[in-house]
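**Q** So you can see what is in the structure, the chains are spelled out below.
There are 2 protein chains.
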Amino acid sequence: MTEIPRDHPRYESLITREKIVEGVRMGYTSLQGLVAQGRGEAFDYLIGEKTTESAAVAERAAVAHILLAGNPIISVNGNTAALVPESMVALADITGATLEVNLFHRSDARVHQITELLKSHGASRVLGGKGDKRLDLSHDRAIVDEEGIFSADVVLVPLEDGDRCQKLVEMGKTVIAIDLNPLSRTSLSATVTIVDNVTRALQNMTLFARDMKQQSRQSLLEVVGTYDNSKVISDALYAIQERLKQQSEERGIRWI
Amino acid sequence: MTEIPRDHPRYESLITREKIVEGVRMGYTSLQGLVAQGRGEAFDYLIGEKTTESAAVAERAAVAHILLAGNPIISVNGNTAALVPESMVALADITGATLEVNLFHRSDARVHQITELLKSHGASRVLGGKGDKRLDLSHDRAIVDEEGIFSADVVLVPLEDGDRCQKLVEMGKTVIAIDLNPLSRTSLSATVTIVDNVTRALQNMTLFARDMKQQSRQSLLEVVGTYDNSKVISDALYAIQERLKQQSEERGIRWI
Numbered sequence: 030m031t032e033i034p035r036d037h038p039r040y041e042s043l044i045t046r047e048k049i050v051e052g053v054r055m056g057y058t059s060l061q062g063l064v065a066q067g068r069g070e071a072f073d074y075l076i077g078e079k080t081t082e083s084a085a086v087a088e089r090a091a092v093a094h095i096l097l098a099g100n101p102i103i104s105v106n107g108n109t110a111a112l113v114p115e116s117m118v119a120l121a122d123i124t125g126a127t128l129e130v131n132l133f134h135r136s137d138a139r140v141h142q143i144t145e146l147l148k149s150h151g152a153s154r155v156l157g158g159k160g161d162k163r164l165d166l167s168h169d170r171a172i173v174d175e176e177g178i179f180s181a182d183v184v185l186v187p188l189e190d191g192d193r194c195q196k197l198v199e200m201g202k203t204v205i206a207i208d209l210n211p212l213s214r215t216s217l218s219a220t221v222t223i224v225d226n227v228t229r230a231l232q233n234m235t236l237f238a239r240d241m242k243q244q245s246r247q248s249l250l251e252v253v254g255t256y257d258n259s260k261v262i263s264d265a266l267y268a269i270q271e272r273l274k275q276q277s278e279e280r281g282i283r284w285i
Numbered sequence: 030m031t032e033i034p035r036d037h038p039r040y041e042s043l044i045t046r047e048k049i050v051e052g053v054r055m056g057y058t059s060l061q062g063l064v065a066q067g068r069g070e071a072f073d074y075l076i077g078e079k080t081t082e083s084a085a086v087a088e089r090a091a092v093a094h095i096l097l098a099g100n101p102i103i104s105v106n107g108n109t110a111a112l113v114p115e116s117m118v119a120l121a122d123i124t125g126a127t128l129e130v131n132l133f134h135r136s137d138a139r140v141h142q143i144t145e146l147l148k149s150h151g152a153s154r155v156l157g158g159k160g161d162k163r164l165d166l167s168h169d170r171a172i173v174d175e176e177g178i179f180s181a182d183v184v185l186v187p188l189e190d191g192d193r194c195q196k197l198v199e200m201g202k203t204v205i206a207i208d209l210n211p212l213s214r215t216s217l218s219a220t221v222t223i224v225d226n227v228t229r230a231l232q233n234m235t236l237f238a239r240d241m242k243q244q245s246r247q248s249l250l251e252v253v254g255t256y257d258n259s260k261v262i263s264d265a266l267y268a269i270q271e272r273l274k275q276q277s278e279e280r281g282i283r284w285i
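If you read the protein sequences in the order shown, they are chains A and B.
Going left to right, the first sequence walks through residues 30 to 285 as the numbering used here numbers them.
Going left to right, the second sequence walks through residues 30 to 285 as the numbering used here numbers them.
Honestly, the hints are just simulated from the structure, not real lab data.
Just so you know, these numbers come straight off a predicted model, no measurement behind them.
A couple of the hints might just be wrong.
What the hints assert, rightly or not - Between beta-carbon pairs, the in silico distance windows are:
# : chain 1 : residue 1 : chain 2 : residue 2 : range
1 : A       : 199       : B       : 35        : 46 to 56 Å
2 : A       : 199       : B       : 278       : 30 to 40 Å
3 : B       : 259       : A       : 271       : 19 to 29 Å
4 : B       : 171       : A       : 41        : 39 to 49 Å
5 : B       : 271       : A       : 191       : 16 to 26 Å
6 : B       : 43        : A       : 180       : 30 to 40 Å
All C-beta atoms in this analysis are idealised placements derived from N, C-alpha and C, irrespective of residue type, glycine included.
Given only the sequences and the hints, what does the whole structure look like? Please build it.
**A** Structural data, given as structure tokens:
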């Protein structure tokens with residue numbers, strides 16, 4: 030990786046970019062994944078490169094859903110494998126969720142490589158290698174494991190494609206998406222939409238899970254029951270607006 | 030390139046992405062360039078994937094500056110080489126500007142490759158290979174040609190790094206930037222900031238140049254003299270706001 034000075038004002042963002050470029054070099058991440066990373070960077074800049082209050086509310090609701098689920102699955106793709114392998118393993122470990130490798134640009138070699146990567150970070154069980162069921166979608170991105178995503182009641186899809194997110198919702202699943210564009214099809218169709226950087230989101234969720242695991246089932250049900258996803262999306266749009274306004278005022282640009 | 034159906038709602042954007050991925054495969058574009066492309070896609074989505082009125086005003090002012098200049102240079106980097114080689118050659122041809130290859134991640138091989146690419150699209154003269162002067166910047170991105178960017182009075186920098194843009198302005202040059210983030214350091218330091226997709230911007234500029242070439246020097250001076258860059262940036266921010274508002278209303282998300 031290119032050396033990034035610790036005191037650089039955009040250190041976190043630059044390190045993330047280096048990790049994803051490294052993911053391409055290692056074969057985990059597709060070239061299209063790099064473009065997706067750039068889109069995320071732009072939206073992260075727009076929400077202020079921090080977890081908003083409203084995103085934290087969504088993260089807590091997501092953890093409650095996972096803790097309440099019968100068969101929760103955390104879907105792992107090429108970008109999350111490059112960026113947050115440790116956090117995904119930690120979250121699965123704490124919540125009892127199962128990891129499943131699920132790639133948009135699927136190849137057996139990439140599935141195998143990412144499975145090994147997760148295992149090297151301590152994952153005990155990683156699905157995705159069987160690919161014995163299909164979602165009703167064209168293209169290899171339809172392939173899933175029967176005991177995993179296919180039969181899951183709750184699926185966490187960090188950085189998911191809109192089509193696939195919609196399909197999982199149509200199958201009656203609770204879908205938790207992490208997506209920095211509050212108006213993407215993924216964000217608008219998910220049950221819980223976390224508008225936050227995937228690195229921050231998974232770290233927060235792991236912390237929340239440690240605490241929420243001690244809570245009663247009833248109190249988790251209340252977290253889920255009082256959650257309003259449409260409000261979370263509205264709040265994210267408001268955060269973008271406020272950030273643009275603040276940035277333009279700081280730079281002496283008139284805000285119309 | 031991956032086949033993209035002509036009737037896909039995001040055809041132009043997807044074709045652009047395929048071109049840049051192809052640029053990486055061919056060696057013109059860096060992996061970091063793919064991330065930059067993604068950032069651009071996000072901001073293009075936010076301005077509505079079309080040339081705003083205000084961006085067209087900036088494009089006309091830019092053409093006037095180029096037509097009035099003594100030694101205008103069009104700087105070519107890895108992303109623009111992959112995306113718009115024909116348009117850059119056409120614009121240089123019509124306006125009498127000179128093309129100079131100027132890379133952030135410089136290598137002699139990449140400079141040579143991009144030079145050959147531009148020549149294959151009909152460029153008669155391409156600078157950037159000598160690299161006999163340096164801007165006052167660390168890193169190889171400082172390297173320029175003495176007869177090109179170093180002594181230019183007007184430089185068009187599509188997709189430029191903030192540091193380098195500022196440096197060129199400090200050297201007293203008129204700098205025309207094409208940048209989809211209206212609040213980037215590049216956008217805020219350039220003399221003329223074109224907040225538009227580089228593909229649309231260069232096509233428009235080529236059209237405008239054909240027409241404006243016939244105009245008197247006095248009328249070009251008036252275009253330049255009445256231009257207000259700060260207003261153009263304000264307008265771009267307003268366009269983003271309006272677009273987010275419209276998109277959220279269409280999708281039934283409350284706009285706070």
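**Q** Any of the earlier hints contradicted here, and which numbers?
**A** Of the numbered hints given earlier, those the structure breaks are 1, 2, 4, listed in rising order.
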